[in-house]
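> Assemble the whole structure, with the sequences as input and the hints as a guide.
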Amino acid sequence: MAFFVARRLLYLLPVLIAVSLLTFSIASLLPGDLALTILADQATPENLAALRRDMGLDQPIWQRYFIWLGNVLQGDFGRSFRTGQTVLQAVAERLPVSIELMLLAQLGALAIGVPLAIICAARSGGPFDRFMTGTAFGMLSVPTFLSAILLIYLFAVELRWLPATGYVPFAEDPLGNLRFFVLPSLTLALAEWPGIMRILRSDMIATLQEDYISLAKAKGLTPARILFVHALKPSSLTLVTITGINIGRLIGGALIVETIFALPGIGRLLVGAILTRDLIILQGVVLLVAAGFVIMNFIVDLLYAVLDPRIRHGHA
Amino acid sequence: MIAAARSRAFAPIFLVAAFALSGSPASAQKAGGTITVGLELDIPGFDPLKVGVYDTAALTASSAIFETLTYLDANGKAQPRLALSWEPSEDFKTWTFKLRPGVKFHDGTPFNAAAYKANFDRQKDPANKCRCAFYIAAVKSVEAPDELTVVYNLVDPSVNYPTLVSYANQNAAMHSPTAWKEKGDDYNRNPVGTGPYVLKSWTAGDRMILEKNPNYWDKDKIFLDRIILKPLPDAQSRFASLQSGEVDLIWDDEYDADNIQRAQKDSKLTVHTYTGSGATVYAMNTKVAPFDDVRVRQALVMSIDRKKWSQAVTNGLARPASNPYGEGSWVKCKDDGALPLDVEKAKALIKDYGKPVEFKMLVTATPRGRANGQVLQQFWKNAGASMEIEQVDQATIPARAFTRQFMMTPWRIVDLADPDPQMYANFKTGSPVALANYSNPELDGLLDKARTTADTDKRIDLYCQITRLINKEAIWFWTFQNTYYAISTVKVKGLPKMYSGVIDVSRAWKE
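These protein sequence lines map, in sequence, to chains A and B. Counted from 1, the first sequence has number 152 at position 152 by my numbering; the numbering is strictly sequential. Counted from 1, the second sequence has number 636 at position 320 by my numbering; the numbering is strictly sequential.
If you are wondering where the hints come from, they were derived from the structure by calculation, not from laboratory data. Heads up, a few of these hints could be off.
Claimed, not checked - The following label-pair restraints were derived from C-beta to C-beta distances: (1) A:9 x B:506: 41 to 49 Å; (2) B:445 x A:13: 55 to 63 Å; (3) A:275 x B:694: 43 to 51 Å; (4) B:686 x A:62: 31 to 39 Å.
What the hints assert, rightly or not - Covered by chain A, according to a simulated footprint, are these stretches of chain B (three or more residues, beta-carbon under 8 Å): (5) 356–367; (6) 389–395; (7) 507–521; (8) 542–548; (9) 710–717.
We put the CB at the ideal spot given by N, CA and C, even for glycine.
Here it is in structure tokens:
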């Protein structure tokens, strides 16, 4: 096991280096360099040359990359030129919001997807199954920004049950905090549950054809017990992977959802950094998020190995 | 009070219009309560050294936290705020302000001439490399001869200087020197001013809470207990938050025409709008063919149908501009010399020119920028000219403009209470922002004279001569006026005119 972890960690290294290279070059190759952005309407040639010299922007790009990487390795991701905040401060302030959003969205997606998958699998090919498969397909095609606006109009403007935008910290007002998260997490969950349902449904249909299920039926166990105890557990292995991969999709969705619902999370920070060309925040946050995602998937890999010995020993 | 409320309900449109003119009817003011304002962007902070320039969102907060020497009344005249009175020297190059005594910053530091000078010097000091220094380049120095006297020494004459320190921008807002020294890097997000509201708390990306300053020198004119500012970046959900009652007032702009027009029909909402001075403009580089020929320039200007253009991009909300001053300016011209819309004449001029008219125009690489570029492309195609769109990042436009690496570029004449700073910079021979590369002794003479003439009527006449000359030479053309929007529930009252696009809620109240 130790060998497996060590090997996986070794794989992680080139991935992280590639991520850092990509992040840095994206930020550096964007049209309109940092000096132009900072100087805006004062970008006279003299001012530009002076600022570029001050910021080291006149050095070759590979040299700037190594300086930046060196600082990053010492935990210095840089400072926003707009707010003076460090990247780490900004991320630390906003990370809890994004994590809560993703957790609630994932829970919501599971709460919708898992029961529907079980019901569909139990009566596969029946009218409900066909209806739900169709619905899931339809829901997969609805973009997040559309469902977000529709939910706002229905629940906030028309019915006035829930707030349209805003946020309150959990520590300050737990119930209020959850009220603000209902619509955003529902929006994300609506995009996620169809995938969960379809995967789990097909896995369960396969499991229900196994011999031990026939045996359970023959023993006279109730259908509910067979479904929830005997069929669900072995069918949910793929679900673990899907949940891991979904984090990437959720981060992408959070960009849009946090902007629409005005949640002060990482997604908003990124969108703001892009709009204001705050390249230091941009490259720092993208690097941190990408590294976070890579490490999450590393953990999922490990979990998988724990669940399935064949993977651990390298002959799956 | 009840009668007033009832009549308002029956005639909302009339009252909104009357209200905008008269400022604040004294009878309806009601103290107490909270106003929640939805802004577009996160506010980056308030330390001029850090943020350089305040944007619209920051200005709403700074108008409540900070104060300036003067403010503009409903007629655009400078009125006393931190200054009680002012006096120019004979050549208008020195302005002496007498300060209001007894004013204190929120942290107890006294506001006096030394504090004022400290603010100015901090911005001007080359060692601080403040981006904000650019905007006070016209001021040589600020002196503090005694406790309550501030003297501005200007590089060039300015007959209307007090109107230029009338809103809480990065330069004019007064910060507590003790606070920025004590807090250092943290001052940016912990601003301390003399204004009617004190910063209570600020959660990044979420909300800023301002509370009424109990020691404010003019506290009888302050009604709301609390102001909450929230960044709501998405236009649709921002409007929805207003409809659902979570916010009382939102910032908006004419590119969000659908929501503004919906709000205009909604009896529960009030649309506040103000057309300021200045305009969105384009400059042609007259050193480059085909713009070295006045016929080409005139032809291009004469083929632009601004009404159709406005209809295409803003549902008709954007207001066409025929001169650089705009409705909000005190410069009103009987004849501004604007070239008429005449496509046939344009075609004839181009034919007369004899060579094909082909050129490139800089366009910001945004949906709005592209839309505007395509509209212009179509107009000019109709007149027989071919324009190629060159998409560039917003940030590169100033640099390209300053180095004259363009044939035609979009630009903006910003909204200031006096036309001189902008007109002089944009059209005087040799100025870095004289983008047209155009030099005309007559124009230079008029510009020089306009900035040193004290009599308003004479100045108006001079500025009208200037626009007639520019319109005839067609070196720049104006497209739409600077128009600002805010939408609120009908309960929000007492919003002053949005000079320079600033939404100032510090003296508002809720019914």
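> Now tell me if each hint is right for this structure.
Status of each hint after checking the structure:
1. For the pair residue 9 of chain A and residue 506 of chain B, the supplied restraint of 41 to 49 Å holds, since their beta-carbon distance comes to about 43 Å.
2. At roughly 39 Å, the beta carbons of residue 445 of chain B and residue 13 of chain A sit outside the given window of 55 to 63 Å.
3. Between residue 275 of chain A and residue 694 of chain B the C-beta distance comes to about 29 Å, which lies outside the given range of 43 to 51 Å.
4. Restraint check, residue 686 of chain B to residue 62 of chain A: a C-beta distance of roughly 34 Å satisfies the suggested window 31 to 39 Å.
5. With 7 residues carrying a beta carbon less than 8 Å from a beta carbon of chain A, the region 356–367 of chain B meets the three-residue requirement, and the given coverage holds.
6. Three residues within the 8 Å Cβ limit are the bar, and the region 389–395 of chain B against chain A gives 0, so the coverage statement is violated.
7. Remark: the region 507–521 of chain B is confirmed as covered by chain A, as 3 of its residues place a Cβ nearer than 8 Å to a Cβ of that chain, reaching the required three.
8. For the region 542–548 of chain B, the stated coverage by chain A holds: 3 residues have a C-beta nearer than 8 Å to a C-beta of that chain, and at least 3 were required.
9. Only when three residues or more bring their CB closer than 8 Å to a CB of chain A does the claim for the region 710–717 of chain B stand; here the count is 5, and the claim holds.
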